[in-house]
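Heads up: the sequence lines are chains A and B, in that order.
In this text, residue positions in the first sequence follow this note's numbering: the first is 1, and each later residue adds one.
In this text, residue positions in the second sequence follow this note's numbering: the first is 1, and each later residue adds one.
These are computed hints drawn from the structure, not numbers from a lab.
Watch out, some of these pointers could steer you wrong.
[Said to hold, decoys possible] Only pairs whose alpha carbons sit at most 25 Å apart, straight line, appear in this in silico DMTMM-like list of lysine to aspartate or glutamate: (1) Lys-7(A) to Glu-42(B); (2) Lys-52(B) to Glu-103(A); (3) Lys-56(B) to Asp-2(B); (4) Lys-60(B) to Glu-103(A); (5) Lys-56(B) to Glu-103(A); (6) Lys-68(B) to Glu-103(A); (7) Lys-77(B) to Asp-11(A).
These numbers were taken from a predicted model, which means no experiment stands behind them.
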Amino acid sequence: SAVISQKPSRDICQRGTSLTIQCQVDSQVTMMFWYRQQPGQSLTLIATANQGSEATYESGFVIDKFPISRPNLTFSTLTVSNMSPEDSSIYLCSVEGRVGGREAFFGQGTRLTVV
Amino acid sequence: GDSVTQMEGPVTLSEEAFLTINCTYTATGYPSLFWYVQYPGEGLQLLLKATKADDKGSNKGFEATYRKETTSFHLEKGSVQVSDSAVYFCALSDPGGATNKLIFGTGTLLAVQP
Numbered sequence: 001s002a003v004i005s006q007k008p009s010r011d012i013c014q015r016g017t018s019l020t021i022q023c024q025v026d027s028q029v030t031m032m033f034w035y036r037q038q039p040g041q042s043l044t045l046i047a048t049a050n051q052g053s054e055a056t057y058e059s060g061f062v063i064d065k066f067p068i069s070r071p072n073l074t075f076s077t078l079t080v081s082n083m084s085p086e087d088s089s090i091y092l093c094s095v096e097g098r099v100g101g102r103e104a105f106f107g108q109g110t111r112l113t114v115v
Numbered sequence: 001g002d003s004v005t006q007m008e009g010p011v012t013l014s015e016e017a018f019l020t021i022n023c024t025y026t027a028t029g030y031p032s033l034f035w036y037v038q039y040p041g042e043g044l045q046l047l048l049k050a051t052k053a054d055d056k057g058s059n060k061g062f063e064a065t066y067r068k069e070t071t072s073f074h075l076e077k078g079s080v081q082v083s084d085s086a087v088y089f090c091a092l093s094d095p096g097g098a099t100n101k102l103i104f105g106t107g108t109l110l111a112v113q114p
């Protein structure tokens, strides 16, 4: 399994500001995934990030609000832009498991509170 | 579209009780199925998985069998412990995709009392 480190682990931010979340993996992976877990709810995929290409966003999520970078095979960032209280969630980075396994491994998450 | 329906919680049990958390899915293909666990204040951990019909995933005393005929993947444990208190998520992989995109159920909170 991969070891995934996310920073920050939590933050409290003012509305209208932006926060960039970092995700570092201890091995090279082709795809990285960003999920959102709103309070008391399940996980929803925001986007899939491949190295060297633009991220692919799921319905309801747009690049202007959640820009993603993927500069190399072990690192990605997700920015939550122009935040509002509705963005208060846990944001999780995920990577694919071994080929054919289909499982995913998750970071500890970033708990964001927007006030 | 593909979806996962999970038993609503919270589920409250006494230590050593038998646990079942129901999970059913809808998918157009043949997905892999997973149970993830989220302990308080932590990220998600893969608990077990099954990749084809009739497979049984097991780990830490938990089991789940991939039932294609009933499109189910119910989680069971014969004797729960206080340390099993967590939120449990059933999930499936995108059956038609080349990625590990996962679709999650809503999660079931399990509280085990001593």
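Going through the hints against the structure:
1. Lys-7(A) to Glu-42(B): Holds - the C-alpha atoms of Glu-42(B) and Lys-7(A) are around 14 Å apart, at most 25 Å.
2. Lys-52(B) to Glu-103(A): Measuring from Cα to Cα gives roughly 13 Å; hence the hint holds.
3. Lys-56(B) to Asp-2(B): Holds, because 22 Å separates the two Cα atoms, which is no more than 25 Å.
4. Lys-60(B) to Glu-103(A): holds (17 Å)
5. Lys-56(B) to Glu-103(A): Satisfied, since the Cα-Cα distance of roughly 15 Å is no more than 25 Å.
6. Lys-68(B) to Glu-103(A): Holds - the C-alpha atoms of Glu-103(A) and Lys-68(B) are around 19 Å apart, at most 25 Å.
7. Lys-77(B) to Asp-11(A): violated (36 Å)
Hint 7 alone, counting from the list given before, is not met by this structure.
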